[in-house]
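Trainee: If you want the building blocks of each chain, they are given just below.
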Amino acid sequence: MDMSVELDVFVGNTTIMDEEVYQFWLDGYTVNDAVKVRMEGGVLEEYEASTDVLLSDTMDQFRTFQMCERLLHTPAKLANQLLFQIPPHRQTMLIERYYAFDNAFVREVLGKKLSKGTKKDLDDISAKTGITLKSCRRQFDNFKRVFKVVEELKGPLVENIQQHFLLSDKLARDYAAIVFFANNRFETGKRKLQFLSFQDFAFCAGQLISNWTVGAVGKMQQLERDTESGAVRQLLNKQAKEKHPICTNNMVEDMDVDLDKEFLQDLKDLKILINDKDLLDQHKSLVCTALRGKTKVFNEMEANFKTLSRALVNIAAKLTNTKDVRDLFIDLVEKFIEPCRSDRWTSADVRLFLTYYTNSARTLDTFRHQVTWDRYMDVIKSCILKMYHD
Amino acid sequence: MPGKLKAKIVAGRHLPVMDRASDLTDAFVEVKFGNTTFKTDVCPKSLNPQWNSEWFKFEVDDEDLQDEPLQITVLDHDTYSANDAIGKVYIDIDPLLSCEAATVISGWFPIYDTIHGIRGEINVLVKVDLFNDLNRFRQSSCGVKFFCTTSIPKCYRVVMVHGFVEELVVNEDPEYQWIDRIRTPRASNEARQRLISLMSGELQRKIGLKVLEMGGNAVLGYLQCFDLEGESGLVVRAIGTACTLDKLSSLPTAVLPACNSPSREMKEPPFSEDPNPNIHSSGPSTPLKNQTYSFSPSKSYSRQSSSSDTDLSLTPKTGMGSGGSAGKDGGPLKTLLRQQTQSALEQREFPFFTLTCFPPGFLIHVGGVVSARSVKLLDRIHNPDEPETRDAWWEEIRQEIKSHAKALGCHAVVGYSESTSICEEVCILSASGTAAILNPKFMQEGCLDSYSEHRLEDPAPPSCGFCHIPYDELNMPFPAHLTYCYNCRRQKVPDVLFTTIDLPVEATVMGKGSLIQARLCRLKKKAQGEVNATAISNLLPFMEYELHTQLMNKLKLRSMNALFGLRVQISVGENMLVGLASATGVYLMALPAPGGIQIAGKTPSDITYEQHISNMQKKINDTISKNKDLYEVHPQEIIEEVIGSPIPESRQRSRLFRSHSESSDEVSELDLSHGKKDAFVLEIDDTDAVEDIHSLLTDAPMPSGFYSCNTEIMPGIYNWTSSLQMFTSVRVFRLNNVNLTNQGLNKIFNDLCENLLKSLYFKLRSMVPCCLCHLNFAVAVPEEELIQVAVTAVAMTFDKEQAQENFKANMEKAIMKVISENEEQLQFPLELCTETPAPQPFSPSKGTGHQDGGGIHTSARATSVDYSSFADRCSTWIELIKLKAQAIRRGSIKTTASQEKGSPLPEGRSRSLRCMRPFPSSTVSVVKMTPLSFLPGTRIIKYLGIINMFFIRETTSLREEGGVSGFLHCFIAEVFAMVRAHVAALGGNAVVSYSMKECVFMENPNKNQAQCLINVSGDAVIFVRESEAEATAAAPQTSSMQNLSGAAEANA
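Protein chains in written order, with this note's numbering: chain A, 1 to 390; chain B, 391 to 1442.
Among these hints, one or two may not hold up.
[To be verified] Calculated lysine to aspartate or glutamate pairs in the DMTMM-like style (CA-CA distance at most 20 angstroms, straight line):
| id | chain 1 | residue 1 | chain 2 | residue 2 |
| --- | --- | --- | --- | --- |
| 1 | A | Lys134 | B | Glu1350 |
| 2 | A | Lys77 | B | Asp413 |
| 3 | A | Lys77 | B | Glu1364 |
No wet-lab data here; the hints were simulated from the structure.
All chains should be modelled from the sequences, with the hints used to inform the complete structure.
Mentor: Structure below.
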């Protein structure tokens, strides 16, 4: 070789970015691997470019992305920085892709503490999922970064994420789910839960956030509450914050991240549905009367009613324990979904059952906890329906 | 106290963390101008400080205002130790000193540090109040406008072109001062940045003074360069073309004095306050003291100026070569014209023009390229106030250029530029331009009136006029092959034409243009001092000759017959010389069609050899026919025969005698008359020729959808769309094999340039169909085994549908464009001028109704365009012209409105610009950059001032910053960012005529260190989209020609 390229740069007044190359970079490819894949993709023949040309272009773009990465950590800066002139739609693309994650990866860390300990496990995750370690790190750091920023913020989780990270509504919701799961440390990794996708969990998280959190209560009761008590509460929060500045993230003010403790307490009252024999029978007969002839698995439903009802109510009653909150999904699968599946219920059957099961309880004369019941069952029903698949 | 400078520090953002303990910064700002410094309060513990300072006021002389930059330093307050500097912002306030430019500088500036690069941003407001200065002997030249643009800026018209201005200032380079051996590199780099900023200001002021003395008010084609001479000092020099410009007013009644901004009442009137018509003889007339070794300057062996005999060309010919031919080609009137021009130009020491684009009719004839080089040994500049040596050097070179031009029968040099290449103590000074005969009406106010009376009889120069030879046919300065012009059939034209200017608007070309490059490396023994200089000067003529031959071959290979924008660089390194010639080839209709290339072998030869030759011949023929299709160049031989060629073609083949590098110095024996009509013979009897053919055939064809040129306008493409991408690409190559031959080296260099081009095409593939315009290559040999190539260009998209239209349509368009340009200018009766000597066959004023005021003479124009060839299209043309005229008149009112909107209130304006931003959350406005003088699809409504910035970046952690590529990538991006920020702060949204004049990169990987100096310049402007500017859809087709508008009506 008579000569070697010592230095090779290309800088455009408008920053040139190839989406395909960006994806390679995000996926943690080395420059050489990216060049290989691009060559197989046939760009070369089209433009009669040599490997050198492709290598130079790839290196250049990787460098650009690396320089942009710092800005992507605080996406709001991207719009106000002067170094790169990037058209707004490209900025949106850069951010959205940077914060996008692999379903396989997120399933591995969902519900885990976003700590250094977990970060050390990334090697294993990388080996298991086939996602490069570099990409795993980026995804993990993104989760952690979003978590850190929103845990200090008041107000609706999704909106906060959207505002600070300029993500699309869909992606912001996914991140809300990740933050919510990480905060409550829901168990998602057990073998029995492997059939559930991230989207299943994300849906459930959305349900929990909008119905079971303090923020949800806030939204529901905003009209009832007078401003004075609100102010008092803020004052209390502030005092609490000053006393324990570090634990604030566990305080009530993280309205969308924490489950409403009062509500969890109230759930204990539902036990009457299984502890009171009359009520249980009455409930069963109401449901069975309504279902008769509407489903092929009626006999199984009738036979299992008490077991299933006990399961659902027991799950509710135990939610005051943090440990049991973590096991919410495993419990739903073990105690409800698996029995139904073994009896070959269809999704329609489950829907039918849960609908009548929920509605019938309202007509029970002696049952006084309709509000709590509905708040509980609405979420449980939609979660189970989402999770009820192979 | 003629001026008050006011600055206000508003806020900072994205500051770096300076205090690791708190992760915050206690920032404050020092504002310094001259020797006065103000400080803001400390804004504690914030990365986004709000200072909202009072207005800091500096009462200063306007001389200082021109020289000094406003220096803003952001610091981190530290109670116990010294305050840490975060970074600096230098603001050139020159744009505020001219009435028409910006009135306020306001915006976010990147805070720059030579080690850390950009560290956050600072929001600053700057204003200037100027007081009327009645002192005629003042040292300042406030109000003189500077333009990098080498054409008449849009929205101005030229009242008069005064001519060449030059100046240079020298200083000691802080890098080499003794104090820098004890202070940090960072401190000395900062000192350098500040010094160069100061020197640029001083230089600009001095040039401005010269312009005022000449009675002008502007400098066009301002070209400023630095010579980092190392131990011997730092030279900042500049050349330009002094003009009197008049702002085009959209109000038809009056030429308003430009001070229409209310806040500028105190300002001096901008124009010709000193209406001294005396032509200033520029340049100090210091005697030529040869303090240094002056080696016999090597002549240009460019074909057009091949007066290789130094003595001959240096002696001014009394009769001027053109005298004899004058009678032949134009009759008595032309003689008169020529005499006037001569008298106008003879009074000038150097009748040079840095412009490359001219109003139609400005150029009467073009002789060809003239160039001169000289090798000098640098010594210490003893007295910076008397930089006689450097002045004398350039004076010498310019004299030589002038005499070359004379030898070509020309009285002026256009497209003139100067450059240097320095290696250790050896310096090559180069100058080049295009010898030309100019229309005198642009030079002399006095003769305009008298001249105008004769105008009726004077036929306009036809579109082919500039191709006609200016020199005496019987007494040609060099052997050339002449034929009658293929357009008018009346006058003689050469078979090829090389120029440094842009393609004149009136020129008719066939097909598209193409970038043509000649590349050459020559090894040189390492040597010192005089020996080294002699060795270099001995090599230069051969290099120029080789480059010229390559250009000629490549031109023929593309079936083209003219080169525009020719730029030959020769860079010197310790052990080699690198030559790169770039130009844009075209097929001029007025010139004869080039013949093919024929390869001739040694006479006695065996069969295999013959086979080899015929193979090569076949390859060449294939390439030629491929190129004909690619560039749509299909000379119509039939037509020629029908009309009949006026002079019989010489069928005799001329043989090219090739020079061997080892051969004698008798360069004058070189027969430069290659390029005979029939065929161009390449004789393969030496290795050089093989090399030539190799490089001829290794030029990879451009990928489909791409075109490239190094000029302002791409011949053959007129329908630009608005998408553009300016870029800079830098590559440094290390030669690993120490025992390289010239041939091997050549191949490496050739491949390197080809690969770089390939990379560019690949990078920009999403823009297809597109053209890389103003492709500007700069080569350097920074170290013994390194070759550096830096490219700046702009990729512009165009409409493919129209691009594929045939040649006829293109030509029509080209001419229509000229017409509509002139048509457009007719909105302003005061600019109406009898002189529109444009090549259009129909007077634009006919049917437009603009017969009032100065328009009386407008219809008087007669033209000598050959009607017959266009006759079949005449009727449609008239229709089109009428339509356009109507459309333009309708649109003119709207133009007025939009200009008013855009003018006096800068705050309001910049706000309204920001409103156009798509995302309200962003505070960064988009700033376009282009090396061209126009932006397609837009109209430049205001020039805000010149941008001339110099930065140094250094690192001691090269690996950590991504190696040399990472380091330079970041630095170039930072430079772009700072240019954009300064333009935006002036209220602008684009930089035109942008160029990176210097990119000096040095590395020391062993120490993990690198350093880079970059100098960029351009014109900050405000543009509006054509669609927004006016409803006329008709005018904007001309967008690619905007640079030429406002020019034709030069003698109000």
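Trainee: Against each hint, give a clear statement of whether it holds in the structure.
Mentor: Tested hints:
For the proposed pair Lys134(A) and Glu1350(B), the alpha carbon gap of about 18 angstroms is at most 20 angstroms, so the pair holds. Restraint check: the Cα-Cα separation between Lys77(A) and Asp413(B) comes to about 18 angstroms, which is no more than 20 angstroms; the hinted pair holds. A hinted pair counts as satisfied when its Cα atoms are at most 20 angstroms apart, and Lys77(A) with Glu1364(B) qualifies at roughly 16 angstroms.
Going down the numbered hints, you'll see the structure goes against none, and every one checks out.
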